[in-house]
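Number of protein chains: 2
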Amino acid sequence: MNLEDLILKCRSYRRFDENYSIKKEELLYFIKLARLAASAGNLQPLKYILSCEKDVNQKIFSCLRWAAYLKDWPGPAKGERPTAYIVVLGDKDIAQVFGVDAGLATQNILLGAVEKGLGGCIIASLDRETLRENLNIPPRFEILHVIALGKPAEKVVIEDIPPGGDIKYFRDDKDIHHVPKRPLEELILDIYC
Amino acid sequence: MNLEDLILKCRSYRRFDENYSIKKEELLYFIKLARLAASAGNLQPLKYILSCEKDVNQKIFSCLRWAAYLKDWPGPAKGERPTAYIVVLGDKDIAQVFGVDAGLATQNILLGAVEKGLGGCIIASLDRETLRENLNIPPRFEILHVIALGKPAEKVVIEDIPPGGDIKYFRDDKDIHHVPKRPLEELILDIYC
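Chains as they are written, first to last, in our numbering: chain U, 1365 to 1557; chain G, 1365 to 1557.
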């Protein structure tokens, strides 16, 4: 698959086929890709917790808040939940700011997932305090976000909207998830070419 | 090229073949890829300034600080400078925090560059005030970082270091740039698989 197709398929998936288990080796491959991303000052302050075990998955799942714009949907039901998670942490002994690093590494992980026929969703809206307790995460590590992973069991399509259009994602009556994307011309401030 | 090879080739390049011009169409393709990255709350607050024109390139170049660990190297000399730039901005009318979004989108841009035989470097250490003046960037837009782009004219290799090893990159006597990377086992806090 070429890069553009890979990126096109790399949508935020929130419903999965729970019969498909993700193996430890797959998660290690994703971290191998994350490790190769650039890092500010080459500090490499990111750490990862990997989970593909049912009990631990549940401890993570219970802390997540899903899809703020879908008011009537509390999150994936049993049978369609993620089968693995990567908790992305910032090691405060190494750096104090992690955002761009976390984005670069997370994109490698998500693209790796798509390449392997999987998919994921970045979840930054979560009960960090409970997650810290559930997984015994020491205070040294800032909880940045969780990447939920699984075999996607939903269709996600991009909607081209006019400049200034409504960016709230929605589901249609066929249960297809639509994600409005701002047009290219709205993203480019000036071109000096 | 498969994803792992693409990511392996996606190093931070700081010296380029200045005879190779980057075209507007190539930069637009990179922004097309950036547009397809995930965005927190789907807000899509990132904006981009594209430059592939000599005068404007110079206005950007003069604001950049290069490779903090290479004390004796003031940055790329004439003939080896980037031939295009993407200035990544955060639109404060849309959001207040941009880090992860900027990382996700920037990784798509950098991978797109590698796919096209180009390469780049994220530069966040820069004189933002002068850059704002030089390009007339309104106060509404936060300057996040600059992506310098060009046809790489240097060899960059990854060095595997032991846990806790020195992460400062360096150039050897053959002018090869070495980037120490922390080992996989140092990045993984716990595995629940």
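No wet-lab data here; the hints were simulated from the structure.
Among these hints, one or two may not hold up.
Each pair may be met inside one copy or between any two copies, as identical chains are not told apart.
To be verified - Below 25 Å or equal to it, Euclidean Cα-Cα: the simulated BS3-like pairs (lysine-lysine) are: (1) Lys1545 - Lys1442; (2) Lys1545 - Lys1532; (3) Lys1387 - Lys1435; (4) Lys1480 - Lys1396; (5) Lys1396 - Lys1442; (6) Lys1418 - Lys1545; (7) Lys1396 - Lys1418; (8) Lys1396 - Lys1435; (9) Lys1532 - Lys1456; (10) Lys1373 - Lys1480; (11) Lys1387 - Lys1423; (12) Lys1373 - Lys1396; (13) Lys1480 - Lys1435; (14) Lys1538 - Lys1396; (15) Lys1435 - Lys1388; (16) Lys1532 - Lys1423; (17) Lys1423 - Lys1538; (18) Lys1538 - Lys1388; (19) Lys1456 - Lys1387; (20) Lys1396 - Lys1519; (21) Lys1515 - Lys1456; (22) Lys1423 - Lys1545; (23) Lys1532 - Lys1435; (24) Lys1435 - Lys1418; (25) Lys1396 - Lys1532; (26) Lys1532 - Lys1387; (27) Lys1456 - Lys1545.
Bear in mind the structure is a predicted one, so any value in this text is a computation, not a measurement.
Hint-by-hint comparison with the structure:
Taking CA atoms no more than 25 Å apart as the test, Lys1545 paired with Lys1442 passes in neither setting, with 30 Å inside one copy and 40 Å between copies. Taking the shortest alpha-carbon separations for Lys1545 and Lys1532, only the intra-copy value of 9 Å comes in at or below 25 Å, while the best inter-copy value is 39 Å. Neither within a single protomer nor between protomers do Lys1387 and Lys1435 lie at most 25 Å apart by alpha-carbon distance, with minima of 33 Å and 44 Å respectively. Within a single copy, Lys1480 and Lys1396 get their C-alpha atoms as close as 14 Å, and across copies as close as 23 Å, so both meet the 25 Å cut-off.
Taking identical chains as interchangeable, the C-alpha atoms of Lys1396 and Lys1442 are never at most 25 Å apart, the minima being 30 Å within one chain and 36 Å between chains. Taking the shortest Cα distances, Lys1418 and Lys1545 never come within 25 Å of each other, neither inside one copy (35 Å) nor across copies (32 Å). In this homomeric assembly, Lys1396 and Lys1418 come within 25 Å of each other (Cα to Cα) only inside a single copy, at 23 Å, whereas the closest approach across copies is 38 Å. Taking the closest pair of Cα atoms, Lys1396 and Lys1435 never come within 25 Å of each other, the shortest separation being 36 Å inside a single copy and 30 Å across copies.
Proximity of Lys1532 to Lys1456 under the C-alpha cut-off of 25 Å is restricted to the inter-copy arrangement: shortest distance 18 Å between copies versus 34 Å within a copy. In this assembly of identical chains, Lys1373 and Lys1480 lie within 25 Å of each other by CA distance both inside one copy and across copies; the values are 12 Å within and 20 Å between. When the C-alpha separation of Lys1387 and Lys1423 is checked against a cutoff of 25 Å, the pair qualifies only within one copy, where the shortest distance is 18 Å, while the shortest distance between copies is 50 Å. Proximity of Lys1373 to Lys1396 under the C-alpha cut-off of 25 Å is found in both arrangements, the shortest distances being 21 Å within a copy and 14 Å between copies.
For a Cα distance limit of 25 Å, the shortest separation of Lys1480 from Lys1435 qualifies neither inside one copy, at 31 Å, nor across copies, at 42 Å. In the homo-oligomer, the alpha carbons of Lys1538 and Lys1396 never lie at most 25 Å apart, since the shortest distance is 38 Å inside one protomer and 28 Å across protomers. Taking the closest pair of Cα atoms, Lys1435 and Lys1388 never come within 25 Å of each other, the shortest separation being 34 Å inside a single copy and 42 Å across copies. Taking identical chains as interchangeable, the C-alpha atoms of Lys1532 and Lys1423 are never at most 25 Å apart, the minima being 29 Å within one chain and 38 Å between chains.
In the homo-oligomer, the alpha carbons of Lys1423 and Lys1538 never lie at most 25 Å apart, since the shortest distance is 31 Å inside one protomer and 51 Å across protomers. Within a single copy, Lys1538 and Lys1388 get their C-alpha atoms no closer than 34 Å, and across copies no closer than 40 Å, so neither meets the 25 Å cut-off. Proximity of Lys1456 and Lys1387 under a CA criterion of 25 Å is satisfied in neither setting, with 29 Å inside one chain copy and 41 Å between copies. With identical chains, the CA atoms of Lys1396 and Lys1519 are at most 25 Å apart between copies only, with a shortest distance of 21 Å across copies and 28 Å within one.
For the identical chains of this complex, Lys1515 and Lys1456 are neighbours neither inside a copy (33 Å) nor across copies (36 Å), given an alpha-carbon limit of 25 Å. With identical chains, the CA atoms of Lys1423 and Lys1545 are never at most 25 Å apart, being 33 Å at best within one copy and 31 Å at best between copies. For the identical chains of this complex, Lys1532 and Lys1435 are intra-copy neighbours only, at 11 Å inside a copy versus 48 Å across copies, given an alpha-carbon limit of 25 Å. Proximity of Lys1435 and Lys1418 under a CA criterion of 25 Å is satisfied in neither setting, with 27 Å inside one chain copy and 50 Å between copies.
In the homo-oligomer, the alpha carbons of Lys1396 and Lys1532 lie at most 25 Å apart only across protomers (20 Å), although the nearest pairing inside one protomer, at 34 Å, exceeds that limit. In the homo-oligomer, the alpha carbons of Lys1532 and Lys1387 never lie at most 25 Å apart, since the shortest distance is 34 Å inside one protomer and 34 Å across protomers. For the identical chains of this complex, Lys1456 and Lys1545 are inter-copy neighbours only, at 18 Å across copies versus 34 Å inside a copy, given an alpha-carbon limit of 25 Å.
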